[in-house]
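Chains as they are written, first to last, in the working numbering: chain A, 1 to 279; chain B, 280 to 535.
It should be emphasised that the hints constitute simulated quantities derived from the structure, not laboratory data. Treat the hints with care, as some may be off.
[To be verified] Below are the PhoX-like pairs computed for lysine-lysine, each with C-alpha atoms no more than 20 Å apart in a straight line: (1) B:Lys371 to B:Lys354; (2) B:Lys412 to A:Lys185; (3) B:Lys354 to A:Lys185; (4) B:Lys347 to B:Lys333; (5) B:Lys306 to B:Lys333; (6) B:Lys371 to B:Lys412.
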Amino acid sequence: MSMSTIQNMRAIPLRTQVWRHPAFQKGMKITLSLALFVIAWELTCRIFAIPEFALPSPSKTVATIIGKWDLYAKHSMVTFIETFAGFLMAVAFGVLCAAIIVVIPVLADIIMPLLLISQLVPKVAIAPILLIWFGYGMFPKIFIAFLIAFFPIVVNTASGLASVERSLLDLARSLEASRWQVFWKFRIPVALPEMFSGMKIAITLAVIGAIIGEFVGGSSGLGYLILLANSEVDTPMAFGALVLLSIGGIALYAMVELLERLVIPWNRGSTDVRLGMGG
Amino acid sequence: MGAVDAIEIEQLSKSYPTREGDVLAIKDVTFNIRTGEFISVLGPSGCGKTTLLKVIAGLEGATEGTAKLHGAPIKGPQRKTGIVFQTPALMKWRTALANVLLPAEILGMPEAAARAKALELLELVGLKDFVNKYPHELSGGMQQRVAIARALIHKPEILLLDEPFSALDTMTRGQLNVELLRIWSESRTTSLLITHSIPEAVFLSDRVVVMTSRPAQIAEIVTIDLPRPRTAEMRVSQDFLRLIDRIGRIIGLEYV
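All chains should be built: construct the whole structure from the sequences, respecting the hints.
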């Protein structure tokens, strides 16, 4: 990292053309790979004349989504809320657990086995029990999403909180910093990149959790819609739900990633992801 | 303070418990540092020099003997010390200025005054134009300068430098030696430098405490009689080379 590197970093956006910009190139590659996938799918359906109930074409799927938009919008919203609420609970609970484990190591041995058990129990197996406990509303789905999503947040955040450089901790001690100061000024900022890694895993798991909940017992949500469509052999409708689920999942993931860039811009130097970031 | 020395170390020993029993890292070390003096502790790598620094910083306790700061026994960490580590140990989420301000925040120093002092120190270490840069935008030498400024922000009574330039290339190291000399001349902070570079120790110090390898014992305390203010050119003078040769012989004998 010399002076010349700094000057080069500034110079890149000025000198190079838009299509040479890494962010533009990355966007192009993503679009291209998706486009190729969709075209191959469409062609396969048409050339081999695959029946709709086996594999609906992309055009048919999109047409179904547009045709039944009200239905899809309603159920998408339910799944989105369940996922997001479960994720928020997972973040709050996960960060709290990680903080306790790191700041009060005595409690780590008490808490960790319980967390591990909660993670090892198959969610599909306990979902029916949760329905008995919490009824058939949104809450059991939120709870399953939470249950499946919090663990990576605990593990990643705890490892982040514990990864403060030895010398920095010596510095804190030599200044007689309080526990509270060490936590807020040293541990939390160090942990943020790993915390966000955990959150990215968690948001994708939360989607799965919500769908599991809807599969086991529900009368709304995209998971319920897929079950309903399958029972009626309405494969285009199931595919429509799957496509919306994927788009929703990607949007949620992108949201976490955007938040990451806003909260820890200083971490840019050490990550490969530079989409949309100017010099 | 008068006659009381800044640091008094008396018959200090430090051992660590290991699986094979206690290992003695420092044995029977006695020396003083006068207020305003620049002292180097020189010895082979891994000989326990850093342990000595940690005891003086109050980060580790001595097994035997005492260490005193201005006459008061060092019993634990104290704010009167400023430390520069082997690595810059900067917070990568803070700018150079914010890094220098960290101790001020922890100690609750008045904000405006601390900020002015931090800017003054960054200028002193030659980083006037880099105050708002993040560590990853700075070279290794610049990062270590920030670390030096950070160690001085709370006007410590003693500056402890733990091989601060050992990770830098020879050219940058030589340059930072000159910078450190200038910084010390201006602040006159009592300083203890841990190093394994003989030229560095000779160039900067009033006295060099030459240590043997484990357990670290004092081989000899060499008074550096080069005049002050010192200049970069002195590093090729006859007197300088004579001192280097003399210390080299002290250390060399230990290896035989």
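Quick rundown of the hints versus the structure:
For the hint pairing B:Lys371 with B:Lys354, the CA-to-CA distance comes to about 32 Å; that exceeds 20 Å, so the pair is violated. Taking the CA atoms of B:Lys412 and A:Lys185, the gap is near 19 Å; set against the 20 Å cutoff, the hint holds. Proximity of B:Lys354 to A:Lys185 is assessed by CA-CA distance (about 25 Å); at most 20 Å being required, the pair is judged violated. Pair hint B:Lys347 plus B:Lys333 holds up; C-alpha atoms about 13 Å apart against a cutoff of 20 Å.
For the proposed pair B:Lys306 and B:Lys333, the alpha carbon gap of about 15 Å is at most 20 Å, so the pair holds. With a C-alpha separation of about 10 Å, the suggested pairing of B:Lys371 with B:Lys412 holds against the 20 Å cut-off.
When the structure is compared with the earlier hints, violations turn up for hints 1 and 3 and for no others.
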